[in-house]
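Please build the complete structure, drawing on both the sequences and the hints.
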Amino acid sequence: MSRIAMPLITAGVVLLAGAGASAAAPVDEPTPADGAEIVLDDGRVVGVDDSVTFTFEGEAPTKTGKGDMSAMACPEVNDRPTYTVTGTPYFIADKKKPQSTWLLPRQSVSWSVTGSHTFTWDIGASAEFEAGAILAKAKTSIDTKISNSWTWSGTQTVTDTNTTSKGYRAVLGQVGWKLTGVKTWIAPPCNVKKKTIIVLAPRRGDMSIGRQNS
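If you're matching positions, the sequence shown starts at -19 in the working numbering and goes up one per residue.
Think of the hints as simulated: they come from the structure by calculation, not from any bench.
Yeah, the Cβ is synthetic: ideal placement off N, Cα and C, and Gly gets one too.
Worth double-checking, as some hints may not be accurate.
Okay, derived cross-link-like pairs now, SDA-like style, lysine to any residue, Cα gap no bigger than 25 angstroms in a straight line [what the hints assert, rightly or not]:
(1) 76 / 103
(2) 174 / 33
(3) 163 / 186
(4) 174 / 61
(5) 125 / 55
(6) 125 / 145
(7) 175 / 62
(8) 173 / 42
(9) 75 / 137
(10) 173 / 55
(11) 163 / 33
(12) 175 / 108
(13) 119 / 106
(14) 119 / 193
(15) 117 / 78
(16) 125 / 42
(17) 125 / 146
(18) 175 / 78
(19) 163 / 137
(20) 146 / 61
Beta-carbon label-pair distances, calculated as ranges [claimed, not checked]:
(21) 124 / 174: 22 to 32 angstroms
(22) 139 / 168: 53 to 63 angstroms
(23) 78 / 178: 15 to 25 angstroms
Structure below.
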């Protein structure tokens, strides 16, 4: 690893295939470097400050005796739930082989990355079934490279230069997706229910450097 002061240069990674855009991450989470991009299956380019939204219907609710009685007064309880999903680029740090360094303004870092690096999805408790449905739909709707697990292997050199006026921590990892899905359905007797499911998912692509404030 080398870390030296250098003139200002553009620091960014172009990722092929994808969907989504960046929502501001909490201060303690690394974000994609400025200039990082994802190219969607339809050719659109999504930057770190963009987002992609799609909707789909879920599976029909399972009928029960009690539910059938409620449906007589409110047949909407038999409607399929709807999901509205917003996808944003999300940086996933390499937790199994962590590598990071602090960069002051105008300092640079260059890492030669080798071997294999595995990234897996992160979902909320008791949400695997719904998270799987959201991930599957995102994969067919916007980005065929999205996955619940992805292993990068090979040799690659990644670099980043701090072109900002403040210091930050450069972190090794890859740019994946944050999928925020809102499920809406009608529950007996006739109540509108909503549930938010967040999926942090990797995607097939090169390694990258993210930026962390702390």
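(Q) Hint check: residue 175 vs residue 108, CA-CA at most 25 angstroms. Holds or violated? (A) With a Cα-Cα distance of about 14 angstroms, the restraint between residue 175 and residue 108 holds, given a limit of 25 angstroms.
Q) Under the criterion that the straight-line Cα-Cα distance not exceed 25 angstroms, is the pair residue 119, residue 106 satisfied? A) 21 angstroms, holds
Q.
For residue 146 and residue 61, compute the direct alpha-carbon distance and say whether it is at most 25 angstroms.
A. 46 angstroms, violated
Q | Satisfaction of hint between residue 33 and residue 174, Cα-Cα up to 25 angstroms | A | 17 angstroms, holds
Q.
Check whether the Cα positions of residue 175 and residue 62 lie no farther apart than 25 angstroms.
A. With a Cα-Cα distance of about 11 angstroms, the restraint between residue 175 and residue 62 holds, given a limit of 25 angstroms.
**Q.** Pair hint residue 76 and residue 103, alpha-carbon separation not exceeding 25 angstroms
**A.** It holds: about 18 angstroms lies between the C-alpha atoms, which stays within 25 angstroms.
Q.
Taking 22 to 32 angstroms as the stated bounds, is the beta-carbon spacing between residue 124 and residue 174 within them?
A. Cβ of residue 124 to Cβ of residue 174: about 29 angstroms, so the range 22 to 32 angstroms holds.
**Q.** Beta-carbon spacing of residue 78 to residue 178 - inside the hinted bounds 15 to 25 angstroms or not
**A.** With a Cβ separation near 23 angstroms, residue 78 and residue 178 satisfy 15 to 25 angstroms, so the hint holds.
Q: Below or equal to 25 angstroms on CA atoms is what counts here, so check residue 163 against residue 33.
A: It holds: about 14 angstroms lies between the C-alpha atoms, which stays within 25 angstroms.
Q) For the pair supplied as a hint, residue 125 and residue 55, is the alpha-carbon distance within the 25 angstroms limit? A) 39 angstroms, violated
Q.
Can you confirm whether the C-alpha distance between residue 75 and residue 137 stays at or below 25 angstroms?
A. 19 angstroms, holds
(Q) Check the hint pairing residue 173 with residue 42 against an upper bound of 25 angstroms on the C-alpha distance. (A) With a Cα-Cα distance of about 16 angstroms, the restraint between residue 173 and residue 42 holds, given a limit of 25 angstroms.
This entry does not satisfy hints 3, 5, 6, 14, 15, 16, 17, 18, 19, 20, going by the numbered hints stated previously.
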